[in-house]
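Enquirer: Work the whole structure out from these sequences, hints included.
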Amino acid sequence: MNNSEGREEIPNEQNEEADTTHRDLTLHESTKIATADLHPAEEEMCAAIYILSTVTGYVLTSALLLKCPTLLHRRKRERFLSKHISHRGGAGENLENTMAAFKHAVDLGTDMLELDCHLTKDEQVVVSHDGNLKRICGINANISDLTYADLPPYLCKLGVTFQRECFCEGGEDKRIPLLRDVFDAFPNTPINIDIKVNNDTLIKKVVSELVVKYDREDLTVWGNSRNHIVKKCYKENPHIPVLFSFPRVLHLLGLFYTGLLPFVPLKEQFLEIPMPSLLSKLKDPSRLTRSQRLIAWLADTLLMRKALFQHLTARGIQVYIWVLNDEEDFQRAFDLGATGVMTDFPTRLKEFMERKSISKSQ
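For the sequence shown, the residue numbers in UniProt numbering are 1 to 362.
These aren't lab readings, by the way, just hints derived from the structure by calculation.
Check each hint, because a few of them may be wrong.
To be verified - Per label pair, the in silico range of CB-to-CB distance: (1) 310 with 60: 16 to 26 angstroms; (2) 173 with 60: 49 to 59 angstroms; (3) 44 with 70: 35 to 45 angstroms; (4) 43 with 238: 48 to 58 angstroms; (5) 81 with 238: 15 to 25 angstroms; (6) 55 with 310: 19 to 29 angstroms; (7) 131 with 209: 16 to 26 angstroms.
As the list claims (entries may be wrong) - Below, simulated DSSO-like cross-link-like pairs (lysine-lysine); rule was C-alpha separation at most 30 angstroms, straight line: (8) 283 with 350; (9) 196 with 281; (10) 204 with 121; (11) 267 with 76; (12) 281 with 134; (13) 174 with 134; (14) 281 with 174; (15) 231 with 204; (16) 267 with 205; (17) 360 with 350; (18) 281 with 356; (19) 134 with 121; (20) 67 with 231; (21) 235 with 196; (22) 356 with 76; (23) 213 with 360; (24) 283 with 134; (25) 157 with 281; (26) 174 with 204; (27) 360 with 67.
All residues carry an ideal CB built from backbone N, CA and C; glycine is no exception.
Expert: Laid out in structure tokens, this is it:
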């Protein structure tokens with residue numbers, strides 16, 4: 001009896017498998033028939049709907065994250081907030097990059113000093129924008145070829161680079177200072193350091209012997225427009241905030257205009273960019289070619305974007321615009337959402353901010 005029941009189960013299992021196979025074949029054939037019945041226009045419509053839905057989803061997600069980037073990225077810690085930044089200490093009111101200029105700016109209440117560094121022959125880190133002394137000292141010699149003791153004093157009068165037909169006459173202080181002198185004199189003032197040359201010794205000395213020694217990792221931002229220098233700075237000490245190099249600014253714009261920026265992590269904490277429309281103020285407009293005016297307009301249109309600045313600010317990345325010396329440019333920069341303005345005239349910027357009630361908390 002048991003054997004008979006066992007033999008009867010086998011055909012039942014075979015029948016079930018056959019039924020399943022038949023159903024699968026039927027479904028497959030039905031799918032083939034349904035697909036074959038689709039008109040080419042309908043296939044194109046389905047593909048278009050799929051592409052449209054994908055693009056729409058991407059655009060909506062990108063727009064959401066552009067407005068609310070902290071949904072994806074942790075906001076960077078703001079070690080300091082600078083709205084009033086004195087370019088070279090305020091090159092329009094004192095001789096650039098001198099202790100007198102820095103002291104004047106700090107006494108005015110500037111939020112940050114911007115300066116430039118070079119290395120002397122005897123490996124002293126000095127504060128100077130130019131590597132060659134011709135413009136600032138009247139001597140055709142390189143800082144790297146002279147010891148610090150041999151560096152000549154500044155000329156009595158220097159042109160202001162970002163103000164057309166403007167000169168600044170200095171007082172008694174015409175000495176090129178050491179970076180450590182600046183750190184000693186202003187221990188609590190944030191300093192923006194432009195590493196002017198691709199020199200490993202300069203980078204190491206600025207970090208290991210000065211920034212770390214003076215406990216200024218939270219009061220310093222450094223870098224250069226050249227990407228390989230910024231990479232070296234970041235590698236030397238990733239705890240010191242770096243700025244966007246020029247190639248990285250271009251990369252940033254590419255990400256912004258393709259909608260990819262909200263998805264991409266950024267190591268930089270400071271975007272420091274010029275206002276391209278200033279070209280017409282720095283040069284005689286009648287001497288600007290049509291192509292120069294077009295390039296300036298295009299660069300200004302692409303770079304001066306409020307949505308970009310707001311997104312970066314929401315991620316804890318400060319935006320500084322340089323070098324602005326007129327009130328209309330101050331106003332435009334703050335209206336666009338820039339964190340701070342870099343100027344050669346710290347008194348002028350201070351008075352503007354007081355009149356407009358612009359404070360650090362804004």
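Enquirer: Against each hint, give a clear statement of whether it holds in the structure.
Expert: Against the structure, the hints come out as follows:
Our hint of 16 to 26 angstroms for residue 310 and residue 60 holds, since their Cβ atoms are close to 18 angstroms apart. For residue 173 and residue 60, the hinted distance range of 49 to 59 angstroms is satisfied, since their beta carbons lie about 58 angstroms from each other. Evaluation of the 35 to 45 angstroms hint for residue 44 and residue 70 yields a pass: the beta carbon distance comes to about 41 angstroms. At about 52 angstroms, the CB distance of residue 43 to residue 238 agrees with the hint of 48 to 58 angstroms.
At about 21 angstroms, the CB distance of residue 81 to residue 238 agrees with the hint of 15 to 25 angstroms. Remark: the range hint 19 to 29 angstroms for residue 55 to residue 310 is upheld by a beta-carbon distance near 24 angstroms. Look at residue 131 against residue 209: about 21 angstroms separates their beta carbons, and that is inside 16 to 26 angstroms. About 26 angstroms separates the Cα atoms of residue 283 and residue 350, which keeps this hinted pair within 30 angstroms; it holds.
Restraint check: the Cα-Cα separation between residue 196 and residue 281 comes to about 25 angstroms, which is no more than 30 angstroms; the hinted pair holds. Under the criterion of a C-alpha separation no larger than 30 angstroms, the hint pairing residue 204 with residue 121 is consistent with the structure, at around 15 angstroms. The hinted pair formed by residue 267 and residue 76 meets the criterion: a straight-line CA distance of about 9 angstroms does not exceed 30 angstroms. For the suggested pair residue 281 and residue 134, the alpha carbons sit about 25 angstroms apart, so the restraint of at most 30 angstroms is met.
Between the alpha carbons of residue 174 and residue 134 the distance comes to roughly 15 angstroms, so the proposed pair stays at or under 30 angstroms and holds. For the suggested pair residue 281 and residue 174, the alpha carbons sit about 29 angstroms apart, so the restraint of at most 30 angstroms is met. With a C-alpha separation of about 13 angstroms, the suggested pairing of residue 231 with residue 204 holds against the 30 angstroms cut-off. Between residue 267 and residue 205 the alpha-carbon distance is near 23 angstroms, which keeps this suggested pair within the 30 angstroms criterion.
Taking the CA atoms of residue 360 and residue 350, the gap is near 12 angstroms; set against the 30 angstroms cutoff, the hint holds. Restraint check for residue 281 and residue 356: the C-alpha separation of about 24 angstroms stays at or below 30 angstroms, so the hint holds. At roughly 17 angstroms between alpha-carbon atoms, residue 134 and residue 121 fall within 30 angstroms of each other, so this suggested pair holds. Only pairs whose Cα atoms come within 30 angstroms are accepted, and residue 67 paired with residue 231 is accepted, the gap being roughly 29 angstroms.
Only pairs whose Cα atoms come within 30 angstroms are accepted, and residue 235 paired with residue 196 is accepted, the gap being roughly 17 angstroms. Taking the CA atoms of residue 356 and residue 76, the gap is near 28 angstroms; set against the 30 angstroms cutoff, the hint holds. Distance restraint check for residue 213 and residue 360: the Cα-Cα separation of roughly 28 angstroms lies within the 30 angstroms cut-off, and the hinted pair is therefore satisfied. With a C-alpha separation of about 22 angstroms, the suggested pair residue 283 and residue 134 falls inside the 30 angstroms cut-off, and the hint holds.
In summary, the hint linking residue 157 to residue 281 is supported, as the alpha carbons are separated by about 22 angstroms, within the 30 angstroms threshold. Distance restraint check for residue 174 and residue 204: the Cα-Cα separation of roughly 27 angstroms lies within the 30 angstroms cut-off, and the hinted pair is therefore satisfied. Using a Cα cut-off of 30 angstroms, the hinted pair residue 360 and residue 67 holds, with the two alpha carbons roughly 22 angstroms apart.
Checked against the numbered hints listed earlier, the structure breaks none of them; every hint is satisfied.
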